[in-house]
Structure formats: C-alpha cells, structure tokens
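Okay, so the sequence shown: first residue is 84 according to the numbering used here, each after it adds one.
No wet-lab data here; the hints were simulated from the structure. Where is the CB? At the ideal position from N, CA and C, for every residue including glycine. All clues stand as given, with none of them false.
Cβ-Cβ distance ranges computed for the label pairs, FRET-style:
| id | residue 1 | residue 2 | range |
| --- | --- | --- | --- |
| 1 | GLN335 | THR237 | 40 to 50 Å |
| 2 | GLU295 | THR237 | 54 to 64 Å |
| 3 | GLY191 | GLY302 | 38 to 48 Å |
| 4 | PRO281 | ALA203 | 49 to 59 Å |
| 5 | ASP122 | ALA203 | 26 to 36 Å |
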Amino acid sequence: MRHITLLTDFGTTEGEHTVMKGVIWRILPGAPIADLSHDIGPQNIREAALVLERTAHFFPAGTVHVVVVDPGVGTERRPIAARFGEQFFVGPDNGVCTPLLERAEREGGPIEIVHLNKPAYWLDEVSDIFHGRDIFAPCGGHLAAGVELAELGTPITEIARYHVPQPVFEDGLLRGEVMHIDHYGNLIANIRRDDLEPLRPVNVQLGQVEIEGLVRTFGEREPGALLALYSPHYYLMIAVTNGNAAAQLGAQVGDAVEVVPRQ
Numbered sequence: 084m085r086h087i088t089l090l091t092d093f094g095t096t097e098g099e100h101t102v103m104k105g106v107i108w109r110i111l112p113g114a115p116i117a118d119l120s121h122d123i124g125p126q127n128i129r130e131a132a133l134v135l136e137r138t139a140h141f142f143p144a145g146t147v148h149v150v151v152v153d154p155g156v157g158t159e160r161r162p163i164a165a166r167f168g169e170q171f172f173v174g175p176d177n178g179v180c181t182p183l184l185e186r187a188e189r190e191g192g193p194i195e196i197v198h199l200n201k202p203a204y205w206l207d208e209v210s211d212i213f214h215g216r217d218i219f220a221p222c223g224g225h226l227a228a229g230v231e232l233a234e235l236g237t238p239i240t241e242i243a244r245y246h247v248p249q250p251v252f253e254d255g256l257l258r259g260e261v262m263h264i265d266h267y268g269n270l271i272a273n274i275r276r277d278d279l280e281p282l283r284p285v286n287v288q289l290g291q292v293e294i295e296g297l298v299r300t301f302g303e304r305e306p307g308a309l310l311a312l313y314s315p316h317y318y319l320m321i322a323v324t325n326g327n328a329a330a331q332l333g334a335q336v337g338d339a340v341e342v343v344p345r346q
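Could you build all of it, start to finish, from the sequences and the hints given here?
Below, the structure is given as structure tokens:
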C-alpha cells in the first residue's frame with residue numbers, strides 16, 4: 084500500500100477534500116493520506132507547483148501525489164498520471180507537476196506518463212467540473228493499491244510545463260524576484276542558496292530597501308527588524324523578526340529582488 088498526498092485549492096469549508104478521501108478509502112480502505120495543503124490560492128497553478136517542489140521529495144518512495152488545482156477542468160486539458168523518479172503524480176496536465184518532472188530529469192530517474200483515458204478506473208458518473216473526485220481520486224486510489232500505471236491510461240511523452248522565472252547574473256548583480264509569500268508574510272525569492280553563496284558577502288535589495296548581509300535565524304535581529312536569510316528549503320528569504328515583511332514593505336509576488344556583492 085502506497086502513501087497518498089492531496090494538494091488542492093478547495094479550502095476546507097465545503098468538504099470537497101474529504102469527499103476525495105472517501106473515494107480513495109472505498110477503493111483502498113485504510114490508505115494513509117496526508118494533506119499537503121488545501122489552501123492554495125484559487126486556480127493558482129504556480130503556487131501549487133512551488134508547494135509540490137518543496138514537499139514531495141520528503142515522502143517515502145512510491146508516494147502518490149494527487150493534485151487538483153485545475154482551472155481547465157472539463158476542457159480539452161488531459162487528466163494524467165505519471166511516475167517521476169520515486170514519486171507518482173495524478174492530476175491535470177497543466178504544468179503543476181513540472182517540479183517533479185524536472186527533478187526526475189536532473190537526477191536521471193525513470194519517467195513514465197499516461198493519459199487517464201480508461202473510465203473503468205473512474206467513478207461511474209463524472210462531473211464536468213469535479214474531476215478531483217471522479218477521476219483523480221479513484222485513479223490515485225487504484226495506483227496506491229498496486230494497479231500498474233500503464234493500466235490506467237495510454238502512454239504519452241509530452242506534457243505541459245509551467246515556467247518559473249530563473250534568476251540571472253548581469254551587471255555584477257544577481258537578479259531574481261519574489262516567487263512566494265508564505266503564511267507569515269515572509270518573501271521567498273527564486274534565488275537558491277547555491278546561486279548566492281559564491282557571491283557572499285552581499286546585500287539584498289527589494290525596491291528602495293537594502294538589507295546588509297544574511298543572518299542565520301530570526302533571533303539574530305531585534306523584533307521588527309528587516310532581515311535576509313535562507314528559507315527552510317534554501318531559497319533567499321526576506322523577513323521581519325516577529326513581523327510581516329509583505330505587509331511592512333507592500334511587497335507582492337513578482338517584485339524584483341537583487342543580490343549585490345560587497346566590494
């Protein structure tokens with residue numbers, strides 16, 4: 084029996100995420116199901132992809148990640164399932180699984196993708212606007228129960244990819260952008276530790292605000308102080324000790340972030 088995770092933009096007040104669990108448990112009673120998040124912003128594929136990137140590889144090999152952030156539900160976008168390295172994915176072909184695909188490509192892991200076009204593995208009646216319940220949950224349950232990926236659909240090789248902007252080094256600066264704002268209002272840039280470390284010591288600039296150096300943890304600065312450090316997933320993060328950097332700076336996803344090497 085494989086582990087299953089759920090990642091959706093459903094919220095938790097309407098019950099859709101629990102219905103998906105019920106569908107899975109009817110197929111595989113007692114299946115271990117973890118909720119990655121159900122608080123993805125509505126239709127926010129980028130946010131879901133970033134959550135998947137940060138979390139999926141911490142789960143045991145063979146985990147089935149069922150993702151339903153699906154603004155194209157009911158259109159010609161395909162439902163798919165895939166094996167990316169040691170992890171499985173079930174969800175829409177809209178680029179949300181790009182982090183799993185790219186990790187498998189970097190690491191040379193196996194990649195196998197199918198178009199979920201075999202109704203025998205769906206619920207008997209399929210809503211045009213709730214494929215999470217009627218296609219993805221049952222297919223995820225069957226996959227976790229041991230049904231081979233190839234049994235669930237027709238093999239395909241090309242799927243949609245979601246492009247996340249990459250930092251660039253030019254004019255002596257490392258230029259990136261805010262890619263995510265977390266629950267605390269911390270600003271997560273698309274600049275990885277491996278990109279930044281060779282440039283240290285550095286200052287970090289966001290708009291007209293410049294932060295001198297990086298700290299190891301929040302407690303190295305007084306409450307209310309603006310600081311730069313690495314996020315738990317080793318991206319550059321701008322934060323306020325015991326505060327909310329996004330609110331204090333009026334920052335948004337997409338705002339420019341620059342790393343300035345000190346002379």
